[in-house]
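Enquirer: Heads up: the sequence lines are chains D and L, in that order.
When you number the first sequence by our numbering, it's gap-free, plus one each residue, and the end is 307.
When you number the second sequence by our numbering, it's gap-free, plus one each residue, and the end is 307.
These aren't lab readings, by the way, just hints derived from the structure by calculation.
Where hints are given, some of them may not hold.
Said to hold, decoys possible - Cross-link-like lysine to any residue pairs, in silico, SDA-like; alpha carbons within 25 Å at most:
no.	chain 1	residue 1	chain 2	residue 2
1	D	Lys279	L	His298
2	D	Lys299	L	Lys279
3	L	Lys279	L	Arg218
4	L	Lys279	D	His298
5	L	Lys279	D	Glu245
6	L	Lys279	L	Asp239
7	D	Lys279	L	Leu297
8	L	Lys279	D	Val173
9	L	Lys279	D	Asn171
10	D	Lys279	D	Asp261
11	L	Lys299	D	Thr204
12	L	Lys279	L	Ala198
13	D	Lys299	L	Gly186
14	D	Lys299	L	Asp183
15	D	Lys299	L	Thr247
16	D	Lys279	D	Ala265
17	L	Lys279	L	Thr229
18	D	Lys279	L	Pro172
19	D	Lys299	L	Pro273
20	D	Lys299	L	Ala220
21	L	Lys299	L	Asp175
22	D	Lys299	L	Thr204
23	L	Lys299	D	Asp183
24	D	Lys279	D	Ala263
25	D	Lys279	L	Ser291
26	D	Lys279	D	Asp267
27	L	Lys299	D	Leu269
28	L	Lys299	D	Val281
Claimed, not checked - Covered, in the sense of this in silico footprint (three residues per stretch, anywhere, with C-beta under 8 Å from a C-beta of chain D), are these stretches of chain L:
no.	region
29	176 to 188
30	193 to 200
31	203 to 211
32	248 to 256
33	274 to 286
34	290 to 297
Unchecked claim - FRET-style restraints, in silico, Cβ to Cβ:
no.	chain 1	residue 1	chain 2	residue 2	range
35	L	Phe190	D	Gly222	21 to 29 Å
36	L	Asp261	D	Gln187	41 to 49 Å
37	D	Asp175	L	Glu221	15 to 23 Å
38	L	Ala198	D	Gly222	25 to 33 Å
Nothing here was measured: the structure is a model prediction, and the numbers come from that model.
Glycine included, C-beta positions come from ideal geometry on N, C-alpha and C.
Protein chains: 2
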Amino acid sequence: MLDDNPVTDLTQDQCWDFLGQHEFGRLAFHLAGEVHITPVNYVVDGQRLIFRTAEGNKLLGVTMNNDVAFEADEFTDTEATSVVLRGSAETLEGDEADAVDHLPLRPWVATTKLVVVAITVSEMSGRRFALHKPWAHMRSQ
Amino acid sequence: MLDDNPVTDLTQDQCWDFLGQHEFGRLAFHLAGEVHITPVNYVVDGQRLIFRTAEGNKLLGVTMNNDVAFEADEFTDTEATSVVLRGSAETLEGDEADAVDHLPLRPWVATTKLVVVAITVSEMSGRRFALHKPWAHMRSQ
Chain D
167 MLDDNPVTDL TQDQCWDFLG QHEFGRLAFH LAGEVHITPV NYVVDGQRLI
217 FRTAEGNKLL GVTMNNDVAF EADEFTDTEA TSVVLRGSAE TLEGDEADAV
267 DHLPLRPWVA TTKLVVVAIT VSEMSGRRFA LHKPWAHMRS Q
Chain L
167 MLDDNPVTDL TQDQCWDFLG QHEFGRLAFH LAGEVHITPV NYVVDGQRLI
217 FRTAEGNKLL GVTMNNDVAF EADEFTDTEA TSVVLRGSAE TLEGDEADAV
267 DHLPLRPWVA TTKLVVVAIT VSEMSGRRFA LHKPWAHMRS Q
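Same shape as in the complex, but just chain D (with noise of 0.2 Å):
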């Protein structure tokens, strides 16, 4: 059943490029001792993942405990791509809140959010895998 190799290791530089090319992830993060997960969106600055959020448990989760991790994935009928990062986050207040503003920091729903955050990245992997989905085409769509 096992194939030669179906997952392939992404070098760093293809996992900023595939962060980079997407704009859509998940950020994970801890909350009273819990871990929570949220979906947001993002852009890549220099080393860091920026997004906008507002008051509420995800900005709550990462002032008292900064440690989170995120994933961006993509995948066909026949791929499956997935980066998954850890690192610290940190709220930019000021001229770095300002510098944002110049992003292409594109939120996909139109609700206010104010606050600033900047993931800086510790570690990073990425893999793609090869998929085998022979109900796929057994679909009747």
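Place chain L on chain D using the hints.
Expert: Quick look at chain L alone, frame taken from chain D:
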């Protein structure tokens, strides 16, 4: 800039329906005090999520601390849906693990994944977002 109602909350039934219609999500878990995230193939069984994993960080993490979070999503050019949940993970053994062979749990990647993990959901929410991506219409493809 704000829409009247860009975000719609899903009911619990709608969340379960969404999870049942998908098979790929992201698991967030604790590992040695850190938060980690990883993509997983899953299947819904009653009010639990089931996935398989090999020995490794994912299994070690949920064994040491069973507090986990999970997210699944889907998006088109005009709409995104995301279901997030929190719960507790446990490894299944014996008859319970064997019973999973009868579930439509279909790993996308043909690597060996021997251990069966079940997530019992403690809280869940789902949201559907009306997307505003004017730049999508400016893309060359």
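Enquirer: To test your reading of the hints: which numbers does this structure violate?
Expert: Hint 29 contradicted; others consistent.
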